[in-house]
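Q: From just these sequences and the hints, can you work out the full model?
If you read the protein sequences in the order shown, they are chains A and B. Under this note's numbering, the residues of the first sequence are numbered 248 to 629, in order. Under this note's numbering, the residues of the second sequence are numbered 4 to 302, in order.
Quick caveat, the hints were computed from the structure, so don't treat them as lab data. Note that the coordinates shown come from a computational prediction; the quantities given were computed from them, not determined experimentally. Even for Gly, the Cβ is constructed at its ideal location relative to N, Cα and C. Warning: the hint list may mix true and false statements.
From the structure, some residues in chain B lie toward chain A, with a derived Cβ separation under 10 Å [unchecked claim]:
1) I107
2) P119
3) R120
4) Q122
5) P125
6) V132
7) A140
8) S180
9) R215
10) M222
11) V257
12) V261
13) G269
Stretch by stretch, here's where chain B covers chain A in the computed footprint (C-beta under 8 Å, at least three residues) [said to hold, decoys possible]:
14) 452 to 458
15) 474 to 487
16) 572 to 580
Here are the chains, one letter per residue:
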Amino acid sequence: MNKMKCTGLGLALTLTVPGMASAEDIRIGIAASLTGAYAPYAEVEGARCMADTLNKAGQGPKVDILVEDTRSEPQLSVSIAQKFLDQGAQVVTGIPFPDSLIPIAQVAAETGATVFSAPNTQVEMQIAGFENFIAGAVPDPVNGAATAEAAYAAGARSVVLFKSADAGSWSDMLPEWFGESFEHLGGTVAGRLSHSIGTSDWSPQIAQIRAMQPQPDAVMISSVLPDVGILIRQLRASGFDGLVIGSDGFDDPSLEGTVADPSALDKVIFATHGPTGTGSSIDTFLADCKARGFKVQGIFDALGADMVLETHAAAVRAGSVDPVAIRAALRAEGGNPGVTAEVISYAENGGSPVKTVPVIGFKDGKRVVLQDSIPAFVPNWR
Amino acid sequence: MEYLIQQLLNALAFGAEYALIALGLAVVFSIMGLVNFAHGEVIAGAAYAVLLFAGLGFGAPLLVIGLAIAAAIIMSVALERVAFRPVRNAPVTTGLLTAFGVSIVLQNLFQLLVSPRPQAFPALNGLNVTWHLGPWAISSLQVMELAAALLAMLALSAFLGRSLLGIAMRAASRDFSTVRLMGIKANRVVAAAFVISGALAGIACVFILARRGGVTPDMGFSLVLKAFVACVIGGFGSLFGAAAGGMLLGFIEVGLLVLLPQEMGGLKDALTYVIVTMILIYRPEGLFGTRRDLGDKEF
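A: In structure tokens:
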């Protein structure tokens, strides 16, 4: 009987006290897309690696990462985030789209917790204006403006925009923000073409470009791999020799392998959240994580690591693990240290970071940083 | 005019891809009444298998093609044995749900055991060469895929019309019980359908890999949904209908992509289904399907 009581007590403790977290720890709850459509953009492994690094260093509060799979379902992500909040998480995150993040921000407001979406770039969350929301990446219009500067500097004067409604404003409006910035610099948008995410044959669009007179200097698209890799190959095979301009969707280690021919990458440029594949400090971080057994893949893991590092630094700065105090320190003047940038500041914009935007190009098939600055002109998206 | 002919060639290539996958679905449906939504994961599974073999040093293009077809056949037959045979006598909806379940399980396994991110696979890129014939640019892959779809259609017709197993399969599609009473083993007929379906998935996998140059967990899923639509347009159960439906869907998609003004580009999928619905209102059983007697459900 006593044994049964002990077992019951143990079971109850296991259910009510998850892990060995204490009230002095930082708990970051990641309702993560480990499976489903958004799984390629999960930031979990980078966050785990950074937490492990900080916990081993032993400075400041311990970081406890809570992870559950959302199966890429927004409704499930809200339930999981609520569970993390009930467990005392000071920071939670969900699927990086408004249908997940808006309800999470609403429930998190009740506990004072911050919703920190590391890979979120879409402007809808910034426009919604939640006081407790922070995005880890610069908004899409800033990304588009940075590539416009680099494309114009590379000599492009006319561009065709590829647009798709499939991934919301990221695939539909980002090209338009690029176009607006490009025209502000003196360039011309020569045309707009439709596509779908998941396209594996671009022949109809390429035939449309070939029929244009005069031929455009560049095409711009915000889409994912392998789609954009196929587009580059097919454009080059058709004889198109202009710039292929992209967004952070190009920033995947599989880009070079998918395109295969290094010369086909010579006139490819894209803006991203931090230079990877260029021997940067991000590459060093990712390589170290991999060596320690974390299954990191690329830039989204670095953004996840940003979230953990910034939150930890903010807690140290605030001298408290109170969620509201952490958020105030996250937004304090001077910013906090990150992995994708030395300092990441929210003091200016509140919900989105002020960071330089690296634009990546290629030389002999290898990635090179073409520019890494804050664009001078950004379309008014608010 | 040159532009129109170019887009016509593109539409043929789109249609050939859908037709090849639709044939794989139709073969199994005609025998078992099963809409095998896991057909896309057979394609993806074959792609991951050749990725693995290429990592082990077996990356020569001809070897990759053979391995892709073999892997798809093995996976297709294995799925029949493990997942579909136990529900063979269950209602059609059970089979449908099982196929969806298998599809999701396999996609999740690819994501968790390999990676959710794309894996580059350039070994077959050499198959995709652009030929410039006068004003037209034709991809070698487009020609090969069209030829493969036609050959598959002809080979299937010959097999089903002339071989004993093929005749047994056709008979089974009409009345499985009678075929069994005549001494033909049901498992053999069903397994043959899955072998053919797997081989078609393997051939489709080769073309998809050559075009994409990469492997993703969901690489077959959306194509199978389109192939399903192609089968419905053509008439489920009709092999010729599946191929014709695939070609028609290719023409509808490319036509809308080219003709719709850019600002209406988001309506492409919606309009595709409006056209499909209109076809089905005109021919509810599909263009080449046989009309079923609905008894008191008739208007």
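Q: All the hints need checking, so say for each whether the structure fits it.
A: Going through the hints against the structure:
For I107(B), the interface hint holds, the least distance from its beta-carbon to any beta-carbon of chain A being 9 Å, beneath 10 Å. Interface hint status for P119(B): upheld, as the beta-carbon distance to the closest one in chain A is roughly 3 Å, under 10 Å. The interface hint given for R120(B) is met, as the beta carbon of that residue sits about 5 Å from the closest beta carbon of chain A, less than 10 Å. Because the closest C-beta pair between Q122(B) and chain A is about 6 Å apart, less than 10 Å, the hint holds.
The restraint placing P125(B) at the interface with chain A holds, with a minimum CB-CB distance near 4 Å, inside the 10 Å limit. A distance limit of 10 Å between C-beta atoms decides the matter here; for V132(B) the minimum to chain A is near 8 Å, and the interface restraint holds. Interface restraint check: A140(B) against chain A, minimum CB-CB distance 5 Å, threshold 10 Å, status holds. Against a cut-off of 10 Å between C-beta atoms, the interface hint on S180(B) is violated, since the closest Cβ of chain A lies about 41 Å away.
Of the supplied interface hints, the one on R215(B) holds, with its beta-carbon coming within about 5 Å of a beta-carbon of chain A, less than 10 Å. A least Cβ separation of about 8 Å between M222(B) and chain A falls short of the 10 Å threshold, and the interface hint therefore holds. This hint holds: V257(B) has a C-beta 5 Å from the nearest C-beta of chain A, less than the 10 Å allowed. Annotation: V261(B) was flagged as interfacial toward chain A, and the flag holds, the nearest CB pair being 6 Å apart, inside 10 Å.
Against a cut-off of 10 Å between C-beta atoms, the interface hint on G269(B) holds, since the closest Cβ of chain A lies about 4 Å away. Judged by the Cβ-Cβ criterion of 8 Å, the segment 452 to 458 of chain A is covered by chain B as claimed, because 6 of its residues qualify and three suffice. Counting residues of the segment 474 to 487 of chain A whose C-beta lies closer than 8 Å to any C-beta of chain B gives 7; at least three are required, and the coverage claim holds. For the segment 572 to 580 of chain A, the stated coverage by chain B is not satisfied: 0 residues place a CB nearer than 8 Å to a CB of that chain, which falls below the threshold of 3.
Comparing the model with each earlier hint shows violations of hints 8, 16; every other hint is respected.
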